[in-house]
Structure formats: C-alpha cells, structure tokens
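Let's have the full structure, built from the sequences with the hints guiding it.
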Amino acid sequence: MSNVLPLDQETIVKAIQSATAEVFGMMLNLEVASEPAYTELPSSRPTDGVIALLGLAGQWMGSGIIQCDAGFARTIYMHMLSTDCAAGEDSVDGEVLDAVAELANMVIGNVKNTLEETLGPMGMSVPTVVFGRNFTTRAMGSDPWIVVPFKCGDAQLLVKLYLRHSPENTEIRRGFTLHREFSV
Amino acid sequence: MLLDVLIVDDSAAIRKILQRVLNQAEIPLGEIYEASDGVEALKVLGSQKVSLVLADINMPNMDGLQFLRKLKEEPQFDTLPVIMVTTEGGQAKVMAAAELGAAGYIRKPFTADQIRHTLSSFL
Numbered sequence: 013m014s015n016v017l018p019l020d021q022e023t024i025v026k027a028i029q030s031a032t033a034e035v036f037g038m039m040l041n042l043e044v045a046s047e048p049a050y051t052e053l054p055s056s057r058p059t060d061g062v063i064a065l066l067g068l069a070g071q072w073m074g075s076g077i078i079q080c081d082a083g084f085a086r087t088i089y090m091h092m093l094s095t096d097c098a099a100g101e102d103s104v105d106g107e108v109l110d111a112v113a114e115l116a117n118m119v120i121g122n123v124k125n126t127l128e129e130t131l132g133p134m135g136m137s138v139p140t141v142v143f144g145r146n147f148t149t150r151a152m153g154s155d156p157w158i159v160v161p162f163k164c165g166d167a168q169l170l171v172k173l174y175l176r177h178s179p180e181n182t183e184i185r186r187g188f189t190l191h192r193e194f195s196v
Numbered sequence: 779m780l781l782d783v784l785i786v787d788d789s790a791a792i793r794k795i796l797q798r799v800l801n802q803a804e805i806p807l808g809e810i811y812e813a814s815d816g817v818e819a820l821k822v823l824g825s826q827k828v829s830l831v832l833a834d835i836n837m838p839n840m841d842g843l844q845f846l847r848k849l850k851e852e853p854q855f856d857t858l859p860v861i862m863v864t865t866e867g868g869q870a871k872v873m874a875a876a877e878l879g880a881a882g883y884i885r886k887p888f889t890a891d892q893i894r895h896t897l898s899s900f901l
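Residue numbers (the working numbering), protein chains in the order written: chain A, 13 to 196; chain B, 779 to 901.
Keep in mind that the hints are not guaranteed to be accurate.
Listed next, with one range per pair, are the computed distances between beta-carbon atoms [unchecked claim]:
1. B:Q854 with A:S94: 31 to 41 Å
2. A:S94 with B:D782: 16 to 26 Å
3. B:P838 with A:P54: 25 to 35 Å
4. B:P838 with A:G153: 21 to 31 Å
5. A:D166 with B:L780: 38 to 48 Å
6. A:F147 with B:L780: 46 to 56 Å
Derived by calculation from the structure, the hints in this document are not laboratory data. Beta carbons are placed, not taken as given, at the ideal position from N, Cα and C, and that holds for glycine.
Structure representation (structure tokens):
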C-alpha cells in the first residue's frame, strides 16, 4: 500500500500556515509568525500544556494537533472571547479548553478543506482537548508528522498533521475514534 | 418584526461570540436561544418560537446536516431559515446543505460583518 501523498509537503505546510494565520487574524485579532516547518517521528517524550486533537477520515486518514502552553491557551481564550480569564496563571479551565478546541477545529478544518481538493472528501471528528503536565501521547503507526511552529509574541504554537493512505476506507464515518493514546 | 435566533454549536466559545455579534448588530433582535447539538436544538424548537437558526455542522449526537434534514421533514419548520456556520467549506458539504434546504452558509473563521450582512437579508 502506498503512503505517498499526492501533495508535496510544502503545499501542506502552506495550507497550515494560511489557515492558522487566517483563524488567528479573524477570530483573535492576533498575528502569528510562521517558523520553518519540520517532520518528526512519533515519540513518547513527555509533554506539558494543552493539546487539541481532531481525527480525519476518508481514503486519507490521520490526525491534526494544536499544541501550546497554558499561558498561551489563556491568551487564545481572552482574545477569542474579548474577556478576562478566571483561570489562574499556568492553569486553564473548561472555558479555556473549549476555546482552544474551537481554534483547533477551525485551523485543522480549513487545512482539511484545502487537502480535500486533491485527496477527496474527508470527515473530521469533533475536537478532543487535553491539559496536563508530564503526559505522553502516542500515535498509532510510525509515519512522520508534519510540524509547523508559530510564534505569537513570546509564545509558541505547534500545528501538527499526520496523514495515512487508507484506500479501503470508502465510507466517511462521523464520531470515529482518534488513533492516539495518552498516558500520564 | 423581532428576530428570535437559535444558535446551535457544540462550542460554548462560538455560541458566546455569535451572541455578542447579534447583540451588537443593529437589528431588531428578540430572544437568543442556545443548543449544543441537533438533539438539543430540536427540543428548543419544540418549546420556543424561533425565527432563524444559526447551526454548526460538526457536532456530537446529531450533527448540523442531520438536524437540518430532520427539521425539513417537519411541516411546521420547513420554512424556518437555517444558516450553516461551519468550518466545513468543501464543495460536497456546501452542496449537501443547500440540497437539504439551508438558507445560507457562513464559513468559520467569520467576521462580525459577515454575520450581520447575512442576517440583514432575513429581516
């Protein structure tokens, strides 16, 4: 089975950069600066902060991730809702997680819209969002992820995308399970 | 005529943003109702008078297209305007919403002006 994307990495990176800049500009009134993209293999290195994941399904399936620290998650919430944040510094509450989940929905959703022009129709799950310290995530499979870092002031945001060819998957299911595990 | 609006979105953040846009828009606004999915939205419609619905597509339990299909099967709601407000911008989803009778389609991310402009055509 071929897992060679009919899109080059640069096209995918541009789709991520464009979607992220558009969502931050229109919904948060914030500018983000893109940094050089890279690929990384799945690892079990511990992570801190907030991660929002969405699953993609169709003949190309995979996951999209938005990752940032708690402080930037609070900034996202405050700019999206034009309000102060009740959660204490270095912490987040349900409202902050909801805002990051919706941000991920818009960024990965708009990347998906671009990819669909070449890869065909894809389904997208509702977001799952996790906040914690010293937790690991594990993706099924060993294919590399495309990682696009962004700077917003001193804060960093990572947008990650993983796609795998799944030609037997002709039906796009809603509410499918994310191919990722967490451990704390 | 006052516009009674039902906002259907699983994101509380988006519901709050849309509420704020509606409240700041210079339109004759009546009540604003909220639902977090299609199932909740149908319950609201069963008990409240609503003149316009803003609905997301990707939602748990009953998504926006399933909700729209269900709504258009009910004679008392078949003329109720439903505007999809969604990240889904692919041709297939837009066409599906149009075929099911969606009155409009606003892609996320959106601006307040886009929402106001679309709503003004229903006054």
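So, going through the hints one by one against the coordinates:
1. In this structure the hint that B:Q854 and A:S94 lie 31 to 41 Å apart at CB holds, the actual value being about 37 Å.
2. Checked against the hint of 16 to 26 Å, the pair A:S94 and B:D782 passes, with Cβ atoms roughly 25 Å apart.
3. Remark: the range hint 25 to 35 Å for B:P838 to A:P54 is upheld by a beta-carbon distance near 27 Å.
4. Take B:P838 and A:G153: their Cβ atoms lie about 26 Å apart, and the range 21 to 31 Å holds.
5. Taken as a hint, the range 38 to 48 Å holds for the pair A:D166 and B:L780, whose Cβ atoms sit roughly 47 Å apart.
6. Between A:F147 and B:L780 the Cβ separation comes to about 49 Å, which falls inside the hinted range of 46 to 56 Å.
When the structure is compared with the earlier hints, no violation turns up for any of them.
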